[in-house]
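Peer 1: Chains as they are written, first to last, in my numbering: chain A, -19 to 452; chain B, 8 to 293; chain C, 44 to 385.
Treat the hints as calculated values from the structure; they're not laboratory data.
Once the Cα atoms are required to be at most 30 Å apart in a straight line, the calculated DSBU-like pairs of lysine-lysine come out as:
(1) C:Lys330 to A:Lys301
(2) B:Lys131 to A:Lys123
(3) A:Lys114 to B:Lys265
(4) A:Lys216 to B:Lys249
(5) A:Lys114 to B:Lys131
(6) B:Lys110 to B:Lys41
(7) A:Lys383 to B:Lys65
(8) C:Lys116 to A:Lys287
(9) C:Lys317 to A:Lys287
(10) C:Lys116 to A:Lys301
(11) C:Lys290 to C:Lys317
Some residues of chain C that are not near chain A, with every Cβ distance over 10 Å (derived):
(12) Asp159
(13) Gly184
(14) Arg200
(15) Met366
(16) Leu384
Each pair of labels, with its calculated beta carbon distance range:
(17) B:Pro68 to C:Gln292: 49 to 59 Å
(18) A:Glu(-17) to B:Pro68: 47 to 57 Å
(19) B:Lys65 to A:Gly119: 32 to 42 Å
(20) A:Ala311 to C:Lys290: 58 to 68 Å
(21) B:Phe147 to C:Ser161: 49 to 59 Å
(22) C:Ser158 to A:Glu178: 53 to 63 Å
(23) B:Pro68 to A:Leu293: 34 to 44 Å
(24) A:Lys17 to B:Lys54: 53 to 63 Å
(25) C:Tyr376 to A:Glu178: 38 to 48 Å
(26) A:Leu292 to B:Phe147: 22 to 32 Å
(27) A:Arg361 to B:Lys16: 46 to 56 Å
(28) B:Ala267 to A:Lys(-3): 51 to 61 Å
Small disclaimer: the values here were computed from a predicted structure and weren't measured. A virtual CB, placed ideally from N, CA and C, is assigned to each residue, including glycine.
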Amino acid sequence: MFEYAPAPESRDIVDIKPSYGLFIDGRFVDGSGTPFKTINPATEETLAEISVASPEDVDRAVKAARKAFEGWSALPGSERAKYLFRIARIIQERSRELAVLESLDNGKPIRESRDVDLPLVAAHFFYYAGWADKLEYAGLGSKPLGVAGQVIPWNFPLLMLSWKIAPALACGNTVVLKPAETTPLTALLFAEICQQAELPPGVVNIITGAGETGAAVVGHPDVNKVAFTGSTEVGKIIARTVAGTSKKVTLELGGKAANIVFEDAALDQAVEGIVNGIFFNQGHVCCAGSRLLVQESIYDDLLGALKRRLALLRLGDPLDKNTDIGAINSAEQLAKIRELSNIGAEEGAERWSPPCDLPDRGFFFPPTIFTGVAQSHRIAREEIFGPVLSVLTFRTPAEAVEKANNTPYGLSAGVWTEKASRMLWMANRLRAGVVWSNTFNRFDPASPFGGYKESGYGREGGLAGLEAYLDV
Amino acid sequence: MTERLAVRKTYKLFIGGAFPRSESGRSYVVTSSKGDFLANASRASRKDARDAVSAARKAFPGWSGATAYNRGQILYRIAEMLEGRRAQFAAEVAEADGVSGKKAGELVDLAVDRLVWYAGWSDKISAVRGAANPVAGPYFNLSTPEPTGVVAVVAPAAAPLLGLISVIAPVIVTGNTCVVVASERAPLPAITLAEVLATSDLPGGVINILTGSAEEIAPWLAGHMDVNGIDLTGASPELAQKCEEMAADNLKRVLRPKTADWSADPGTGRMTAFLETKTVWHPIGT
Amino acid sequence: MQEGAVTAGARHSIGLETFAPVGDAVEVSTVTSPLAEVAASNATLRAFLHGLPGVDQVGADARAAMLGTRSIKTTAKASAIDLAISMVDLTTLEGADTPGKVRAMCAKAIRPDPSDLSVPHVAAVCVYPDLVAEAKAALKGSPVKIASVATAFPSGRSSLEVKVADTALAVAAGADEIDMVIDRGAFLAGDYIKVFEEIAAIKAASGEAHLKVILETGELVTYDNVRRASWLAMLAGGDFIKTSTGKVQPAATPPVTLIMLEAVRDFLDATGRKVGVKPAGGIRTTKDAIKMLVLVNETAGDGWLSPDWFRLGASSVLNDLLMQRQKLTTGRYAGPDYFTLD
Chain A
-19 MFEYAPAPES RDIVDIKPSY GLFIDGRFVD GSGTPFKTIN PATEETLAEI SVASPEDVDR
41 AVKAARKAFE GWSALPGSER AKYLFRIARI IQERSRELAV LESLDNGKPI RESRDVDLPL
101 VAAHFFYYAG WADKLEYAGL GSKPLGVAGQ VIPWNFPLLM LSWKIAPALA CGNTVVLKPA
161 ETTPLTALLF AEICQQAELP PGVVNIITGA GETGAAVVGH PDVNKVAFTG STEVGKIIAR
221 TVAGTSKKVT LELGGKAANI VFEDAALDQA VEGIVNGIFF NQGHVCCAGS RLLVQESIYD
281 DLLGALKRRL ALLRLGDPLD KNTDIGAINS AEQLAKIREL SNIGAEEGAE RWSPPCDLPD
341 RGFFFPPTIF TGVAQSHRIA REEIFGPVLS VLTFRTPAEA VEKANNTPYG LSAGVWTEKA
401 SRMLWMANRL RAGVVWSNTF NRFDPASPFG GYKESGYGRE GGLAGLEAYL DV
Chain B
8 MTERLAVRKT YKLFIGGAFP RSESGRSYVV TSSKGDFLAN ASRASRKDAR DAVSAARKAF
68 PGWSGATAYN RGQILYRIAE MLEGRRAQFA AEVAEADGVS GKKAGELVDL AVDRLVWYAG
128 WSDKISAVRG AANPVAGPYF NLSTPEPTGV VAVVAPAAAP LLGLISVIAP VIVTGNTCVV
188 VASERAPLPA ITLAEVLATS DLPGGVINIL TGSAEEIAPW LAGHMDVNGI DLTGASPELA
248 QKCEEMAADN LKRVLRPKTA DWSADPGTGR MTAFLETKTV WHPIGT
Chain C
44 MQEGAVTAGA RHSIGLETFA PVGDAVEVST VTSPLAEVAA SNATLRAFLH GLPGVDQVGA
104 DARAAMLGTR SIKTTAKASA IDLAISMVDL TTLEGADTPG KVRAMCAKAI RPDPSDLSVP
164 HVAAVCVYPD LVAEAKAALK GSPVKIASVA TAFPSGRSSL EVKVADTALA VAAGADEIDM
224 VIDRGAFLAG DYIKVFEEIA AIKAASGEAH LKVILETGEL VTYDNVRRAS WLAMLAGGDF
284 IKTSTGKVQP AATPPVTLIM LEAVRDFLDA TGRKVGVKPA GGIRTTKDAI KMLVLVNETA
344 GDGWLSPDWF RLGASSVLND LLMQRQKLTT GRYAGPDYFT LD
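Isolated chain A, as found in the complex (with noise of 0.2 Å):
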C-alpha cells in the first residue's frame, strides 16, 4: 500500500491579525457594529475578529466610493489599466500567501485555491486591464455607471471579489464590496494589496458584516449598480429591493447542473468530469454537475467506474498539498447538507459514500452519491450546495434535454458524448448559461460566465462582462 505522509503547506507564510477594521477610503477604520469571529472551518478555531459595518459605515463607505468616482472615471483609460496590472502582479507575487489564507478562512483545498483561484484570480485583473483603455472597441460605449455595490459569497471569496472589482474598475466605476460573512480574510489581504498598489482612496472599499450590511448596501440611494453573488433567495429580494429605482443589476445565483453522459462517452474522463463537476470545492459550486443523467445502457458500467474513483479521493486537512475534499465552509452549511441528504434518503434515494474517515474536528461531509433519483425528489430539485450528488438515468437525447431543462435554474450544464453534432445539439437545446461539453467546471476571465431563468442574470467575464459596468 502506497501511503502518502502528510505534507502540509506551511501557515506561516501569511500573517493573520487579531482584528479586521472595515476598509474605507484607503484607510483601515473600525466598524460601528458588534464584531464577529471568522473561523477555520477545518479545525473550528478562531482566526480573527472582524468589524461590522453600521448602515452609517455603509454610507462612510459609499460616500468615499462616490468622492473617488469623480477621478478615477475621468482618468485615462490606459492609467486605470496599469493599476489593474499592478494589481494582478501583487497578486501573483503573494499568490502562495493568498491560497494559504483562502484554504484556512475557506476550509477548501490549498491544492484547488493553489492551482485554481489564485491563477484565476490574478489572470481576471489581467484580463479586465486591458480592456479599461479599449472600452470604445467593444461597441458598448465607454461610460462607467458609478459606484458599484457589490456582494460575493464565501465559496470562491477572492476570485468573486476578481470577478467583481476588476471589471467594475476598469470601466471607471469605484466600488463597495462586502465579502461573506464566513470568509472576509482574503478580500481584507486584497484592501492590502489595494494600498500596496497605490490604488487612489475610495476606489475600492471593503466592508464585512452579515445580510443586514449586504442589505444596506445594496439599498443604499446613491449605489447605481448592484452586483450579487450568492443564493436564489437573496438575489430575489434583492431584485425586489432596486425594483422602480434606476440601478443596473447583475445576479448570479444557485443552479442545479445536469452532468449528461451518453454511452458513447470517453468514460474514463467522463468520470472524471463527474468528480470534478460536484466535488470541486466541497461541491460548493453555484454550477455544480449535481445531477448526473446518464444514459440507461451504460448505467452499471459508469457507477461501478464511479465509485471506484470515489473511493479515490482523500479528504481531510485542506492544507494537505494531497487533499482533495476539504471542509465544509461552515456549521450552518453542513447543518443543511446534512438535512437535504437526510430527506434524499427518506424520499426513497439509495444513499452510498466511500469508505471515508472524517476529521473529529471542524465540518467535513463525506462525498455522497444518490442513486434511484426521481425528477421529483427534493435532492434533485433543490441545491444541495454540497459534495452530494443525484444520479438520475435516461433513454434518448430529447429526454436527456428534457430532464436536464426540466428546473428553474439555468446556470450550466455538461454533455459528453464522443459524437459532435450530438453535443452541438444538446448545447442548442440546453437552457444554461455556460455549457461544458466533455469537460466540466472550467472557467477563464475571457469566457462569460452566468445563468438563465432563476439562475440569475446578467454575465461574468469576457466582453460580456464588461456591459455589467458600463451605461449601455
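Please build the complex by placing chains B and C on the supplied structure of chain A, with the hints as guidance.
Peer 2: Chains B and C alone, transformed into the frame defined by chain A:
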C-alpha cells in the same frame, strides 16, 4: 337613395394565431382622439393572459429553433403585408392620435421601415453579440446570444402602431415569443396588425396581442412563473415598480420604462434586454 | 463488470465471457461469442477495438497533470524511492554496446549503491539479443532478470520469420523477458490482425519468457490508438504492455502511462487476467519516477505496485533515485561524483 351602411369590424384578441373574444365576455369602448365612438374592443382578463402565455410557450421551441434567416424573412414579410395595408393603418392612426393623414402615413412608413430594419438583425445579432473567447487552455469556447423565452410586453400608450412595432420586433426577431398588452387608449391598430401577422407566415403564438387594461393584466404577466422577461415600456411608474417587484419571483429579465423617441435609431438595447449569452466549452484534442 | 469490454461487447456482439474465470460463469449473455472470435478476422478485431470507449485527450492530460501535483514527502518518499529502484529495468540499447558496458551495468543492477547495501537491486537489465549471454554470465546467481529487446527492435521493420528468429536467439541465450515491438505500420494501416498474429507468434516463440509488448506510443500518436493497441497486445497474449522503445519522442508520458494503466485495470476486470505495465523512455528524475508510482496507485491500484506488475524502463533515473535516497538518509544534498556512471 340611402347611404350604404358600413360593415364594421369586430375587434378581438389575438392568441395562438386565432382571434378569440375575451373569455370574460367583456369589452370596452374605444374612441377617437376627438371622442367619437370607434369600436368595442375586447377587455382581456387574467385568464386570457394565461392562455396567451400558454400559446407563447408552445410556440417558443419552434420559433427559437427556426433559422435566423427564416425569422428574418418572416419579419420582412410582415413589413410587406403592413405596407400593403398602409392606407388602413394610416386611417386608424389618424383617428387614434388625431394627426393629419400625411403624418399618419409617415408614421406607418416608419413602422414598416423599422420592421425591415429589425428583420435584418435576425442573422447578425449573433455576430455582434457573440464571441469566440480565447481561453487559456485547449478549449474551443464560443458565446452566442439566445432568446430568453416568453416575454411579456406592455406596449406604449402613445404611438399605437410605431411604438407597438418598435417593442415587438426586437423581442421576436431574436427568437423570443411574446404576449403584448396593446395601448389601452388606442388598441385598434394593434388588432389590425394581428390581421397582418395572421397572413405573414408568422407561426401562431409567436406574437399574442391582448387589449384592455395594462393596470389589470400586466401584474398577472409580471407574476406569471412561465414568463421569462417583461418589457414595461408602456407602464406607469407605479405599475412598473409593482410589476418589477412581482417579476422578482422568478427573476424575469425586466426592461424598465424609459421615455422614447420612436423615430430615433433604436439601437440594439431592446434586443439584448431579452437575450441570454450561452457559452459552450469543448476540448481541442486528437 | 467493467466499462471497456462490456460496452464494447454489448455494442458489437462480442463478449469476453470465455476469458472470465469459472466463478464468473453466472453472468450469461446472449451475445456471447468466444474470444477467438474477437480475433477471428480483421473485421471483428477492428469492431472490438473501435468499440472501446474513446479517450478525450484534454481530459486525460488534465488527470495526469493533476496526479503529477501529488506531494510525496518524507516516509512516503523513502519507500517510493526504494520501490522505484526495485522496478527499474536498467537499460542499454546502443549500437556501441559492448560486453564491457553490459558487465558494468549488470554489476550496478545487482548493487546500485556499493556504499549502501540497504539499496534494493533493480528488477532487470535490458539489452540487445546478442548481449543476453554476456548479461546472463554477469548476473549469475543474482535475482536480477534479463530482458532482451527483440523483433527487429526498434523499428520492427522485418519479416515475421526474422522476428521469431530474433526472439528465439534471445530466449536461447537465457532471456527471462522479451521486449518486442509491434508493427506500427500495420497498426496505423488498420491491419490489426497482422499485429495480433505477430504478437501471438512472438509469445509462442518466447516460451517461458515473459513477453512485454512495446506499443511505441510516440508513433501511434493518439490516445485512442494507445488504448486500442493496449487491448490488442493484451488480447494477443502479452504479459506486459510497454510504452516505448526509447528511440522515439515523446516516450513514456504520464497521460500515455495513465491510459495503459486504465487498460490493464479494465482488462483484469473483464477477463480475470492481470497484465503489467512498463513506461520506458523519458523517465529521468526521481520526481518522474514517483509520478509514475502515483499514477499506478490512483489508476490501476496498489495491486500493480510491485516489480512483478510495473517496471520503469530507464537508465539515468537510477542515479537520481540513489542521490535522492542519500539526501533523505543524510539530510544533505548528494553529488554525482559519489555515484557510479555504469
